[in-house]
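*Asks:* Just need the whole structure built from these sequences, with the hints factored in.
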Amino acid sequence: DQTAFIQLLKNNNERMELFFGSDVQSNARIPLAVQFTFSRETFNGPLFEKNVKEIHNQKSRQSFFEFFSTSSNSSVLTYKLLAHFALHPQPEQELHRLKLNEKALLNAGFKSSSYQRIAALFLVDEAHAGKAKVLHDEMKKHHYFQGFYGGFTTKTNK
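Using this note's numbering, the first residue of the sequence shown is number -8, and each one after it goes up by one.
Quick caveat, the hints were computed from the structure, so don't treat them as lab data.
Some hints could be false.
Claimed, not checked - Derived BS3-like pairs (lysine-lysine); straight-line CA-CA distance at most 25 Å:
(1) LYS132 <-> LYS90
(2) LYS71 <-> LYS1
(3) LYS1 <-> LYS41
Quantities reported herein were computed from a predicted structural model and do not represent experimental measurements.
*Replies:* Below, the structure is given as C-alpha coordinates:
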(Lines of atoms letter the chains of each structure in order from A and count residues from 1; the text may use other names and numbers.)
(Lines give C-alpha, C1' and ligand atoms only; values in the text may rest on other atoms or scores of the structure.)
Protein backbone atom coordinates (compact mmCIF):
# COMPACT_ATOMS: atom_id res chain seq x y z
CA ASP A 1 0.00 0.00 0.00
CA GLN A 2 1.21 3.50 -0.85
CA THR A 3 1.08 4.83 2.71
CA ALA A 4 3.16 1.92 4.03
CA PHE A 5 5.73 2.45 1.24
CA ILE A 6 6.04 6.16 2.02
CA GLN A 7 6.38 5.44 5.74
CA LEU A 8 9.08 2.81 5.14
CA LEU A 9 10.91 5.22 2.83
CA LYS A 10 10.77 7.95 5.47
CA ASN A 11 11.95 5.54 8.17
CA ASN A 12 14.81 4.26 5.99
CA ASN A 13 15.93 7.79 5.20
CA GLU A 14 15.86 8.75 8.88
CA ARG A 15 17.72 5.59 9.90
CA MET A 16 20.38 6.28 7.28
CA GLU A 17 20.74 9.86 8.41
CA LEU A 18 21.29 8.66 11.98
CA PHE A 19 23.73 5.93 10.92
CA PHE A 20 25.80 7.85 8.35
CA GLY A 21 25.50 11.29 9.91
CA SER A 22 26.61 14.12 7.69
CA ASP A 23 29.10 11.89 5.86
CA VAL A 24 26.54 10.92 3.23
CA GLN A 25 24.66 13.76 1.55
CA SER A 26 20.96 13.52 0.82
CA ASN A 27 21.57 13.16 -2.96
CA ALA A 28 23.30 9.84 -2.19
CA ARG A 29 21.27 8.81 0.87
CA ILE A 30 17.83 9.15 -0.76
CA PRO A 31 18.52 6.74 -3.67
CA LEU A 32 19.98 4.31 -1.14
CA ALA A 33 16.83 4.62 0.99
CA VAL A 34 14.70 4.06 -2.12
CA GLN A 35 16.68 0.92 -2.97
CA PHE A 36 16.06 -0.54 0.48
CA THR A 37 12.41 0.49 0.41
CA PHE A 38 11.75 -1.07 -3.00
CA SER A 39 13.39 -4.23 -1.67
CA ARG A 40 10.93 -4.08 1.24
CA GLU A 41 13.88 -3.92 3.63
CA THR A 42 14.28 -1.76 6.71
CA PHE A 43 17.73 -0.20 6.71
CA ASN A 44 19.95 -1.62 9.42
CA GLY A 45 23.23 0.31 9.55
CA PRO A 46 25.40 -2.30 11.28
CA LEU A 47 24.08 -5.07 9.01
CA PHE A 48 24.67 -2.90 5.91
CA GLU A 49 28.20 -2.19 7.11
CA LYS A 50 28.74 -5.93 7.72
CA ASN A 51 27.50 -6.79 4.21
CA VAL A 52 29.77 -4.16 2.66
CA LYS A 53 32.74 -5.54 4.62
CA GLU A 54 31.88 -9.07 3.44
CA ILE A 55 31.84 -7.83 -0.16
CA HIS A 56 35.20 -6.19 0.50
CA ASN A 57 36.60 -9.45 1.90
CA GLN A 58 35.34 -11.70 -0.91
CA LYS A 59 37.93 -13.45 -3.02
CA SER A 60 36.93 -11.19 -5.93
CA ARG A 61 37.70 -8.12 -3.84
CA GLN A 62 39.93 -6.66 -6.57
CA SER A 63 37.05 -6.96 -9.06
CA PHE A 64 34.73 -5.06 -6.73
CA PHE A 65 37.41 -2.43 -6.14
CA GLU A 66 37.92 -1.95 -9.88
CA PHE A 67 34.16 -1.91 -10.47
CA PHE A 68 33.57 0.90 -7.98
CA SER A 69 36.68 2.94 -8.72
CA THR A 70 36.17 3.63 -12.43
CA SER A 71 35.74 7.19 -13.60
CA SER A 72 32.28 6.39 -14.99
CA ASN A 73 30.81 6.08 -11.50
CA SER A 74 29.03 9.05 -9.99
CA SER A 75 28.63 9.02 -6.22
CA VAL A 76 24.86 8.54 -6.29
CA LEU A 77 25.10 5.62 -8.72
CA THR A 78 27.89 4.12 -6.66
CA TYR A 79 25.67 4.07 -3.56
CA LYS A 80 22.83 2.58 -5.60
CA LEU A 81 25.05 -0.22 -6.87
CA LEU A 82 26.60 -0.80 -3.46
CA ALA A 83 23.11 -1.19 -1.98
CA HIS A 84 22.22 -3.59 -4.79
CA PHE A 85 25.24 -5.77 -4.02
CA ALA A 86 24.72 -5.55 -0.24
CA LEU A 87 21.12 -6.76 -0.63
CA HIS A 88 21.96 -9.46 -3.18
CA PRO A 89 22.35 -13.00 -1.81
CA GLN A 90 25.29 -13.75 -4.16
CA PRO A 91 27.18 -10.49 -4.79
CA GLU A 92 30.13 -12.11 -6.59
CA GLN A 93 27.89 -13.79 -9.15
CA GLU A 94 25.91 -10.56 -9.56
CA LEU A 95 29.13 -8.62 -10.19
CA HIS A 96 30.06 -11.13 -12.88
CA ARG A 97 26.58 -10.78 -14.46
CA LEU A 98 26.83 -6.98 -14.48
CA LYS A 99 30.27 -7.07 -16.10
CA LEU A 100 28.96 -9.36 -18.85
CA ASN A 101 25.96 -7.08 -19.34
CA GLU A 102 28.20 -4.01 -19.61
CA LYS A 103 30.16 -5.75 -22.37
CA ALA A 104 26.90 -6.68 -24.12
CA LEU A 105 25.83 -3.03 -24.06
CA LEU A 106 29.15 -1.94 -25.56
CA ASN A 107 28.97 -4.71 -28.18
CA ALA A 108 25.45 -3.54 -29.09
CA GLY A 109 26.84 -0.09 -29.85
CA PHE A 110 26.07 1.90 -26.71
CA LYS A 111 28.74 4.35 -25.68
CA SER A 112 30.27 4.02 -22.23
CA SER A 113 28.61 6.33 -19.71
CA SER A 114 27.90 6.62 -16.01
CA TYR A 115 24.43 5.17 -16.63
CA GLN A 116 25.74 2.01 -18.29
CA ARG A 117 25.99 0.19 -14.97
CA ILE A 118 22.37 0.95 -14.09
CA ALA A 119 21.32 -0.27 -17.55
CA ALA A 120 23.36 -3.44 -16.95
CA LEU A 121 21.24 -4.16 -13.87
CA PHE A 122 18.13 -4.47 -16.03
CA LEU A 123 19.64 -6.23 -19.02
CA VAL A 124 18.45 -9.79 -19.58
CA ASP A 125 20.93 -11.00 -22.22
CA GLU A 126 22.97 -9.88 -25.23
CA ALA A 127 19.95 -10.08 -27.56
CA HIS A 128 18.12 -7.77 -25.17
CA ALA A 129 21.03 -5.29 -25.48
CA GLY A 130 20.66 -5.30 -29.27
CA LYS A 131 16.91 -4.66 -29.04
CA ALA A 132 17.52 -1.85 -26.55
CA LYS A 133 20.01 -0.24 -28.96
CA VAL A 134 17.51 -0.39 -31.82
CA LEU A 135 14.88 1.22 -29.59
CA HIS A 136 17.36 3.86 -28.40
CA ASP A 137 18.33 4.74 -31.97
CA GLU A 138 14.67 5.05 -33.02
CA MET A 139 13.97 7.31 -30.05
CA LYS A 140 16.91 9.52 -31.00
CA LYS A 141 15.51 9.88 -34.54
CA HIS A 142 12.15 11.12 -33.31
CA HIS A 143 13.05 12.93 -30.09
CA TYR A 144 15.81 15.46 -30.57
CA PHE A 145 16.42 15.89 -26.85
CA GLN A 146 17.87 12.35 -26.91
CA GLY A 147 20.59 13.59 -29.28
CA PHE A 148 21.74 16.56 -27.24
CA TYR A 149 25.36 16.72 -26.33
CA GLY A 150 26.34 19.71 -24.29
CA GLY A 151 23.03 21.37 -25.13
CA PHE A 152 23.37 21.14 -28.92
CA THR A 153 21.72 18.64 -31.22
CA THR A 154 24.05 16.42 -33.17
CA LYS A 155 24.02 16.43 -36.97
CA THR A 156 22.85 12.83 -37.08
CA ASN A 157 19.56 13.85 -35.45
CA LYS A 158 18.66 16.60 -37.91
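*Asks:* Give a verdict on every hint.
*Replies:* These are the hints, each one checked on the structure:
1. LYS132 <-> LYS90: Answer violated: LYS132 to LYS90 is near 29 Å, above 25 Å.
2. LYS71 <-> LYS1: 17 Å, holds
3. LYS1 <-> LYS41: 23 Å, holds
In this structure, only the earlier hint numbered 1 is contradicted, and the remaining ones agree with it.
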